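Visitor: Below, each chain spelled out in residue letters.
Protein chains: 2
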Amino acid sequence: MLRYAGPLERLIQELQKLPSIGPKSAQRLAFHLLRGGEEEARALADAILRVKSDIRACARCFNFSDEELCGICGDARREQGTICVVEDPSDLMALERAGEYHGVYHVLQGRLSPLDGITEDDIRIAELVKRVETERPKEVILATSPTVEGDATASYIATLLEPYEVEVTVLAIGLPVGGDLDYADQVTIARALQGRTKWRR
Amino acid sequence: MLRYAGPLERLIQELQKLPSIGPKSAQRLAFHLLRGGEEEARALADAILRVKSDIRACARCFNFSDEELCGICGDARREQGTICVVEDPSDLMALERAGEYHGVYHVLQGRLSPLDGITEDDIRIAELVKRVETERPKEVILATSPTVEGDATASYIATLLEPYEVEVTVLAIGLPVGGDLDYADQVTIARALQGRTKWRR
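Protein sequence lines correspond, in order, to chains A and B. Heads up, the first sequence is in this note's numbering, so the first residue is 108 and it goes up one at a time. Heads up, the second sequence is in this note's numbering, so the first residue is 108 and it goes up one at a time.
Heads up, some of the hints might be wrong.
Since the list can't tell identical chains apart, any single copy or any two copies may satisfy a pair.
Result set (SDA-like, lysine to any residue): computed pairs, CA atoms no more than 20 Å apart in a straight line [unchecked claim]: (1) K131 / T295; (2) K124 / E146; (3) K124 / H139; (4) K245 / E256; (5) K159 / G143; (6) K131 / R142; (7) K237 / F138; (8) K131 / V275.
Hints in this document: simulated from the structure, not taken from any laboratory. Bear in mind that the values here come from a model prediction, so they are computed numbers and not experimental data.
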C-alpha cells in the first residue's frame, strides 16, 4: 500500500499509539497539525516534553505535581486529619469540583485488578498504610469507584486499616441527583433502598 | 476551579486545541503520555516537529511531500497525460488504495465553500489551469466529493477548462458495492438510475 511521505506517516503512526485514536483520527490530527501554525505544533510538542520532565507524584499523596508536594498537600487550610482515598488524579479533580471536601487525599494510582495483573504492589496501598501509621488521621474516606474492582480495592484497604484507630468511611451509593428513577439500574435502586435515610428538610 | 499542576494543565489545553478532542479526551491522552514511557512521548513530540519542518506541498501536484516532487509525480511509470483532481491528500490516498488509477494527481487542498469564506484564491485552482496549459494532458478527471460544495468546485473548474483541448470527466455516481439498495438514499438511487449502463458480464 502506498504511504504518506515519511515524516507524515511517522506522525500518524505515533498518534495511533494514543488511546482511542484510530487510523482515521490519527490522519485527521496529523493533517490538522500540518496545516496549522508553526506555533501551535511547537507548543504541543513542548507541552508533551515538559509534562514528562516536570510532572512527578506528590511525595505525600501521589497526586500529579510539579513540586515536591502537590497544591492540596501544600495548602495549610486543608483539614489534615481526613484522608480521602481515590484511584486516580481525575477522581480527585471530580471531588474537588464538587467543592464539598476540605481534607487531603491519597491517590492510589490505580485499583486492584487481578485479571489485568494489577496487585497491591502496583498501587500505593502500602504508602497509605504508612501514612495512617505516621500521620494518625481521624478519618479515611474510601472513595474508590463503585465497581467490582473499586469495591474490592476498598475492602482490601479497610482490612489493612483495621489495626489502626481511624474511622473508615465510604461515599454514599444511591440515585444520582437529577436522574430519573425510571432510568436507574436495578443495583443502584437496591442500594438506594438499603441506604435510605429519614426525611428531613 | 482547581487545576492540574502547571505543565499537565498546559498539555491538556494544547491537546484540546486539536479537532474533535474535548476536555475528557484531552485529559485521558495527557494521563496516557504522563504514565507512558519517556521514549513514546519523545517520539511523538519529535514527529510533530518533524512534520512541520520536513513536509511541504509537491511543487507540481500539491500533494504532501518531503521532497520537491511527491512520490507519484516523481514516478515515471505513471501516465502523465491524465490528471485526477482531488480535494485533499486523503482523497488521493483513497484512490490509490483502489489500485485502479495510474495517472497523476492535482490536490486542490480544499473545495470552494463561500459560506466558510473559501474562494477560488484559497485553493489550487489557478495552478491546475496553469498545469493544463503547460502540460497539455489528454484528460482531467474531476474527483471532488459528491457533495454540494464538491460539485460546485468541479463545475467551476470545468468552466475554466473549457477553452482547453482536454477531455474533462467525473467519477461515476451510483450504488456503493456491497451496499443494500434498501439502505441507499433517494438521491443516490435516482443518480444510479440516471447513470444506468447496459448489462455486460
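Visitor: Hint by hint, work out which the structure violates, then give me just those numbers in ascending order.
Guide: Structure breaks hints 1, 4, 7 and 8.
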